[in-house]
Amino acid sequence: MIIDHPILGPRDSSEFVYLGDACLIDRPDPLDRNAEKLFYEYQYLRDNIAGPMQELWYHEQGDRSWLVVTRNTVTHEISKVELAREVSRSRGRSK
Amino acid sequence: MAFSALKILKEGFTGNRGWSPHWRDPVLKKEYDIIIIGAGGHGLATAYYLARNHGITNIAVLEKGWIGSGNIGRNTTIIRSNYMLPGNQPFYELSMKLWEGLEQDFNYNAMVSQRGILNLSHSDAQHDAYARRGNAMHLTKSGAVLLDKSGVQKMCPFLDFDNARFPVKGGIWQPRGGSVRHDAVAWGYARGADSRGVDLIQNCEVTGFQIKNGVCFGVETSRGPIKAKKVGMCVAGSSGVLAGKAGMRLPIESHVLQAFVTEGLKPIIPGVITFGAGHFYVSQSDKGGLVFGGDIDGYNSYAQRGNLPVVEDVVEGGMAIMPMIGRARLLRSWGGIMDMSMDGSPFIDKTHIEGLFFNGGWCYGGFKATPASGYCYAHLLATEKPHPVSERMRLDRFKFGGQFDEKGVGAQPNLH
Numbered sequence: 821m822i823i824d825h826p827i828l829g830p831r832d833s834s835e836f837v838y839l840g841d842a843c844l845i846d847r848p849d850p851l852d853r854n855a856e857k858l859f860y861e862y863q864y865l866r867d868n869i870a871g872p873m874q875e876l877w878y879h880e881q882g883d884r885s886w887l888v889v890t891r892n893t894v895t896h897e898i899s900k901v902e903l904a905r906e907v908s909r910s911r912g913r914s915k
Numbered sequence: 018m019a020f021s022a023l024k025i026l027k028e029g030f031t032g033n034r035g036w037s038p039h040w041r042d043p044v045l046k047k048e049y050d051i052i053i054i055g056a057g058g059h060g061l062a063t064a065y066y067l068a069r070n071h072g073i074t075n076i077a078v079l080e081k082g083w084i085g086s087g088n089i090g091r092n093t094t095i096i097r098s099n100y101m102l103p104g105n106q107p108f109y110e111l112s113m114k115l116w117e118g119l120e121q122d123f124n125y126n127a128m129v130s131q132r133g134i135l136n137l138s139h140s141d142a143q144h145d146a147y148a149r150r151g152n153a154m155h156l157t158k159s160g161a162v163l164l165d166k167s168g169v170q171k172m173c174p175f176l177d178f179d180n181a182r183f184p185v186k187g188g189i190w191q192p193r194g195g196s197v198r199h200d201a202v203a204w205g206y207a208r209g210a211d212s213r214g215v216d217l218i219q220n221c222e223v224t225g226f227q228i229k230n231g232v233c234f235g236v237e238t239s240r241g242p243i244k245a246k247k248v249g250m251c252v253a254g255s256s257g258v259l260a261g262k263a264g265m266r267l268p269i270e271s272h273v274l275q276a277f278v279t280e281g282l283k284p285i286i287p288g289v290i291t292f293g294a295g296h297f298y299v300s301q302s303d304k305g306g307l308v309f310g311g312d313i314d315g316y317n318s319y320a321q322r323g324n325l326p327v328v329e330d331v332v333e334g335g336m337a338i339m340p341m342i343g344r345a346r347l348l349r350s351w352g353g354i355m356d357m358s359m360d361g362s363p364f365i366d367k368t369h370i371e372g373l374f375f376n377g378g379w380c381y382g383g384f385k386a387t388p389a390s391g392y393c394y395a396h397l398l399a400t401e402k403p404h405p406v407s408e409r410m411r412l413d414r415f416k417f418g419g420q421f422d423e424k425g426v427g428a429q430p431n432l433h
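As given, the protein sequences belong to chains A and B, one line each in that order. Residue numbers for the first sequence follow this note's numbering, so the first one is 821 and each next one is one higher. Residue numbers for the second sequence follow this note's numbering, so the first one is 18 and each next one is one higher.
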């Protein structure tokens, strides 16, 4: 698979480390009243999507950026690549 | 129709005209006592043991493709019971015992071949760890022999013992391990279940569940709704998608695992050999092909095919212990979808929905578990109580820290 890095251009996926579903960006608030339940769900449960899925890839053998890659898990086709930082910002999670 | 040597001889002399189909093509009923979703190895075994051990035969096994079209037909056929922890090892030992009597039990030639499995060690520390594992295996009378370098040399002289990076220091040998003809396992269980009255329904996809007030009383299928007192999911790689239809999220990710077979060669590999410093396992099929595999590709996938970097990685593992493998030509490779659980161990449990049961999370170890999985799942479905050897395989174990620390290989190494 070739991942079209927004800064570096097309790179082989073997340069990356895979983390999984991009919902992992939405880390629960540890001060929440239901934090224990929320962290259990965050840590262990998955939607395990068959089809287009947003996922986190880390460019370990490159610029060490985190990317949000939209990839179809049935066909391996990649339709969108964004910097995770920007996705996270757009969700209001980081400055 | 029972198989026997005499029958084969008789048919051989009379033009093989006396054979009949192994199972019926039954008419789908509107209601069953139990519906099992997925006619793979585990689902068929479950139906078989429900009928054989519990006398329940009003069962439908629903399959969206054809019988045995999933991972039971796409694995590397290895059987072993060389685990370590309580909660795991007794389960796999039960499976091994069932394998040993399987062919007589269901009167079908599954070609169970206990040629032994050898796990290589490459450092003193690893050798010590294998000694510990071997002792744990003796607790369940599974049998284990700790071999030093010369012991391994006698068995497999072709290994690269003086490899600069991963020299072979010894290994642990389970003589009862081996391989089985995978498709015949599905066919044998299917035939055994069918002959006891179980309906095997092919080309019937489950599209939803009938759930009301937290109780499941049937399924929606591509061939219409079917009612059932109990419904058991047993769909391995598709577990996430199926459970999603019941509104459940599982501690499972689906990943693709590739396997490979070379051209047919003369007998060379004595049993199953595994690399201790990488992930590589190889055996030789009865046709002579070297059957081998390694790691999952490492990203979520529902495609039954993998990518090239992992092919290279697996073959590098092979070359590291067995350089002669480089002279063999690869014939075929294929991929199967693994239901990777978060701690690398399976689930056989009730769900929070009454009447709905779950079997899955087998990672890439489902094949060897087929008989015990069916046996224990049947016990759970029939009695609503877990079988003693599978009682720790709970679906909610991550909630209270009940995960298995067997090897710590789940979908992601960084989850632990």
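These are computed hints drawn from the structure, not numbers from a lab. Only a predicted model underlies this, so the values are computations on that prediction, with no experimental measurement involved. Don't take each hint at face value.
[What the hints assert, rightly or not] If you anchor each label on the Cβ, the simulated ranges turn out as follows: (1) A/ASP852 with B/GLY241: 40 to 48 Å; (2) B/GLU408 with A/ASP846: 28 to 36 Å; (3) B/GLY168 with A/GLU880: 51 to 59 Å; (4) A/PRO850 with B/PRO103: 27 to 35 Å; (5) A/ASP824 with B/ASN124: 55 to 63 Å; (6) B/ARG322 with A/ASP867: 37 to 45 Å; (7) B/ARG240 with A/PRO850: 45 to 53 Å; (8) A/ARG905 with B/GLU333: 30 to 38 Å; (9) A/GLN881 with B/MET172: 33 to 41 Å; (10) A/ARG853 with B/ALA181: 33 to 41 Å; (11) A/ASP852 with B/LEU325: 51 to 59 Å; (12) A/GLU880 with B/ARG41: 48 to 56 Å; (13) A/ARG853 with B/GLU237: 33 to 41 Å.
Quick reminder that beta carbons are idealized off the backbone N, C-alpha and C, glycines included.
Consistency of the hints with the structure:
no., hint, in the structure
1, A/ASP852 with B/GLY241: 40 to 48 Å, "44 Å, holds"
2, B/GLU408 with A/ASP846: 28 to 36 Å, "34 Å, holds"
3, B/GLY168 with A/GLU880: 51 to 59 Å, "40 Å, violated"
4, A/PRO850 with B/PRO103: 27 to 35 Å, "33 Å, holds"
5, A/ASP824 with B/ASN124: 55 to 63 Å, "57 Å, holds"
6, B/ARG322 with A/ASP867: 37 to 45 Å, "23 Å, violated"
7, B/ARG240 with A/PRO850: 45 to 53 Å, "49 Å, holds"
8, A/ARG905 with B/GLU333: 30 to 38 Å, "34 Å, holds"
9, A/GLN881 with B/MET172: 33 to 41 Å, "39 Å, holds"
10, A/ARG853 with B/ALA181: 33 to 41 Å, "57 Å, violated"
11, A/ASP852 with B/LEU325: 51 to 59 Å, "44 Å, violated"
12, A/GLU880 with B/ARG41: 48 to 56 Å, "55 Å, holds"
13, A/ARG853 with B/GLU237: 33 to 41 Å, "37 Å, holds"
Of the hints listed earlier, those the structure fails to meet are numbers 3, 6, 10, 11, in rising order.
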